[in-house]
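Q: Here is what each chain is made of, one letter per residue.
Number of protein chains: 2
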Amino acid sequence: MSTLPQNLQGYFRWIQKCNGGLRGKEKYHPWTVGKSTVGYLQPWLFQKLQADFPGVFKVSLSCPQSSDAVGSLILDESLKTCEERSAALAGVLAQLRDEGVLTGWRSELYPVLTSFQGQPLALVERAAAVHLGIKAYGVHVNGYVETERGVELWVATRSRSKPTWPGRLDHIVAGGQPHGLSPGANVTKECGEEASIPEELARNAKPVGAVSYEEMQESGLKRDVLFCYDLQLPADFVPAPQDGEVESFQRLPIEEVAEIIANTDKFKDNCNLVIIDFLIRHGFIRPEQEGYLELLAGLRLGPLS
Amino acid sequence: MSTLPQNLQGYFRWIQKCNGGLRGKEKYHPWTVGKSTVGYLQPWLFQKLQADFPGVFKVSLSCPQSSDAVGSLILDESLKTCEERSAALAGVLAQLRDEGVLTGWRSELYPVLTSFQGQPLALVERAAAVHLGIKAYGVHVNGYVETERGVELWVATRSRSKPTWPGRLDHIVAGGQPHGLSPGANVTKECGEEASIPEELARNAKPVGAVSYEEMQESGLKRDVLFCYDLQLPADFVPAPQDGEVESFQRLPIEEVAEIIANTDKFKDNCNLVIIDFLIRHGFIRPEQEGYLELLAGLRLGPLS
Numbered sequence: 001m002s003t004l005p006q007n008l009q010g011y012f013r014w015i016q017k018c019n020g021g022l023r024g025k026e027k028y029h030p031w032t033v034g035k036s037t038v039g040y041l042q043p044w045l046f047q048k049l050q051a052d053f054p055g056v057f058k059v060s061l062s063c064p065q066s067s068d069a070v071g072s073l074i075l076d077e078s079l080k081t082c083e084e085r086s087a088a089l090a091g092v093l094a095q096l097r098d099e100g101v102l103t104g105w106r107s108e109l110y111p112v113l114t115s116f117q118g119q120p121l122a123l124v125e126r127a128a129a130v131h132l133g134i135k136a137y138g139v140h141v142n143g144y145v146e147t148e149r150g151v152e153l154w155v156a157t158r159s160r161s162k163p164t165w166p167g168r169l170d171h172i173v174a175g176g177q178p179h180g181l182s183p184g185a186n187v188t189k190e191c192g193e194e195a196s197i198p199e200e201l202a203r204n205a206k207p208v209g210a211v212s213y214e215e216m217q218e219s220g221l222k223r224d225v226l227f228c229y230d231l232q233l234p235a236d237f238v239p240a241p242q243d244g245e246v247e248s249f250q251r252l253p254i255e256e257v258a259e260i261i262a263n264t265d266k267f268k269d270n271c272n273l274v275i276i277d278f279l280i281r282h283g284f285i286r287p288e289q290e291g292y293l294e295l296l297a298g299l300r301l302g303p304l305s
Numbered sequence: 001m002s003t004l005p006q007n008l009q010g011y012f013r014w015i016q017k018c019n020g021g022l023r024g025k026e027k028y029h030p031w032t033v034g035k036s037t038v039g040y041l042q043p044w045l046f047q048k049l050q051a052d053f054p055g056v057f058k059v060s061l062s063c064p065q066s067s068d069a070v071g072s073l074i075l076d077e078s079l080k081t082c083e084e085r086s087a088a089l090a091g092v093l094a095q096l097r098d099e100g101v102l103t104g105w106r107s108e109l110y111p112v113l114t115s116f117q118g119q120p121l122a123l124v125e126r127a128a129a130v131h132l133g134i135k136a137y138g139v140h141v142n143g144y145v146e147t148e149r150g151v152e153l154w155v156a157t158r159s160r161s162k163p164t165w166p167g168r169l170d171h172i173v174a175g176g177q178p179h180g181l182s183p184g185a186n187v188t189k190e191c192g193e194e195a196s197i198p199e200e201l202a203r204n205a206k207p208v209g210a211v212s213y214e215e216m217q218e219s220g221l222k223r224d225v226l227f228c229y230d231l232q233l234p235a236d237f238v239p240a241p242q243d244g245e246v247e248s249f250q251r252l253p254i255e256e257v258a259e260i261i262a263n264t265d266k267f268k269d270n271c272n273l274v275i276i277d278f279l280i281r282h283g284f285i286r287p288e289q290e291g292y293l294e295l296l297a298g299l300r301l302g303p304l305s
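Residue numbers (full-length UniProt numbering), protein chains in the order written: chain G, 1 to 305; chain X, 1 to 305.
Rather than coming from a laboratory, the hints here were simulated on the basis of the structure.
Since the structure is predicted, the reported quantities are computational estimates derived from the model, not experimental observations.
Incorrect hints may have been included.
Identical chains blur together in the list; that is why a pair holds if it fits in one copy or across any two.
[Stated by the list, open to error] Below, a list of computed lysine to aspartate or glutamate pairs in the EDC-like style, where the Cα atoms sit at most 20 Å apart:
(1) Lys206 <-> Glu255
(2) Lys266 <-> Glu215
(3) Lys17 <-> Glu199
(4) Lys206 <-> Glu288
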């Protein structure tokens with residue numbers, strides 16, 4: 001029987017990787033709606049938006065009280081409503097798509113907001129969330145089985161044709177949080193779509209907290225809060241790929257999952273954080289291990305709001 | 001059947017109460033060992049220590065780079081080892097006890113440290129931890145039963161003769177983390193001493209994370225990290241007071257516990273945070289409730305180290 005990694009350093013790699021954006025945030029240009037900073041832009045996109053869309057984005061006059069040395073953009077203040085802002089941004093994003101800047105269009109709207117339960121200031125195409133550096137939300141489900149041998153976790157292998165993270169390991173069910181759907185309803189929907197988990201089983205998914213991070217990606221800043229769920233599944237349940245996003249499912253002993261996280265890059269980056277949270281909540285990582293508290297702190301380094 | 005509070009405001013009272021020290025920290029004077037700030041002193045104690053113990057505490061020369069406008073104390077740098085520092089501090093604390101400043105002497109040593117797994121810089125009497133504003137650690141055990149009616153939590157009523165929090169509700173088992181004992185071993189020991197939980201049951205206690213806070217108390221700053229444990233108990237197990245610290249035990253439906261936390265001051269302050277963490281981890285508080293993420297963030301506002 002394999003054992004759990006005793007040294008936590010392998011886990012800390014993921015805290016570092018998923019929070020590169022927090023360390024390098026001064027390189028990004030904030031953009032605001034009214035007085036609220038809602039996102040962060042890479043320098044090239046900051047330049048492009050002010051050059052190509054002067055009617056939508058204005059350059060902020062620098063404020064001596066802020067440390068805003070890099071300059072920021074303000075969404076044109078004549079755009080007063082969520083609808084007006086969404087329409088203006090939709091025009092911008094469609095042009096970026098046509099120019100090949102934005103790829104992987106999803107036709108799914110994400111809200112632009114400063115806190116999860118706040119009113120959306122605008123709605124934008126999901127594919128632009130990282131480019132615009134807006135806060136985004138998601139749900140991740142730890143689907144596990146209690147066996148005589150111990151806890152086993154259902155793990156998906158992502159389809160090799162997926163535009164993002166092809167072939168990487170993933171949760172049995174995970175998804176972005178679109179506008180207009182509660183996290184709980186989203187879990188039930190994704191359970192059906194991604195793993196053929198029937199609704200009466202999916203309803204057992206239990207919200208257990210959240211992780212947050214700000215990852216530096218090639219296209220921009222991925223600023224995520226992931227609502228974590230635990231779903232204990234019957235030993236005889238077998239998930240089945242449904243919507244083509246998953247290539248296959250396998251059930252792995254928790255020790256093997258921990259080993260993969262600590263020593264390999266097989267999991268999609270953010271899954272590592274959610275599973276480390278699972279390992280802590282289920283007592284597989286213990287206070288006696290050096291770095292326990294720092295690891296715990298590392299799971300919620302992005303703003304929790 | 002009672003239901004869980006939908007509005008989270010009653011829970012937020014405890015985030016506020018237990019973190020008053022974070023908001024008012026500028027009123028306290030730091031004290032340091034070498035370059036490490038290890039604690040915070042109220043103005044009267046800052047004055048007293050420099051006046052009465054000039055051989056042990058020196059006033060820091062103010063550093064232009066720090067915001068240390070209130071002044072700070074340095075433990076005499078001629079005290080080079082943990083033993084020397086402990087001996088010098090023991091003399092100081094014994095005098096404070098004899099003068100009636102320090103009450104509730106425990107004859108139990110707490111380490112003075114900057115992080116949990118770091119080497120102690122000194123050992124001091126537990127009763128002085130809040131006066132000295134040092135980081136302190138503890139273990140809290142959620143002892144619960146899964147019944148047909150739902151989850152029920154074992155709750156202790158503290159003895160009315162206890163010097164601290166007499167008569168308040170408490171966890172079935174909780175205790176400070178003394179020097180030289182691991183959190184897990186401390187849980188097993190306290191399970192026996194406080195509730196007569198036999199070792200084979202106590203061993204099922206599962207570490208599930210931690211909460212942290214900095215509470216402003218009358219005697220000083222209570223800067224705590226509490227390691228949280230879940231202990232699922234058999235339905236027929238009944239805890240029994242053992243060491244006189246507990247007056248009685250009762251088993252309450254989780255809805256009633258939540259109601260008490262949201263609407264009363266019956267629980268010892270820090271128990272509220274640990275039970276709110278339990279409510280979140282077990283899905284009794286849900287992402288759809290307004291303030292969910294902010295409540296989650298509020299459970300770990302003190303430094304996690």
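Q: All hints, please: hold or fail.
A: Outcome of the hint check:
no.	hint	in the structure
1	Lys206 <-> Glu255	between (22 Å within a copy, 17 Å between copies)
2	Lys266 <-> Glu215	within (17 Å within a copy, 42 Å between copies)
3	Lys17 <-> Glu199	neither (35 Å within a copy, 41 Å between copies)
4	Lys206 <-> Glu288	between (28 Å within a copy, 13 Å between copies)
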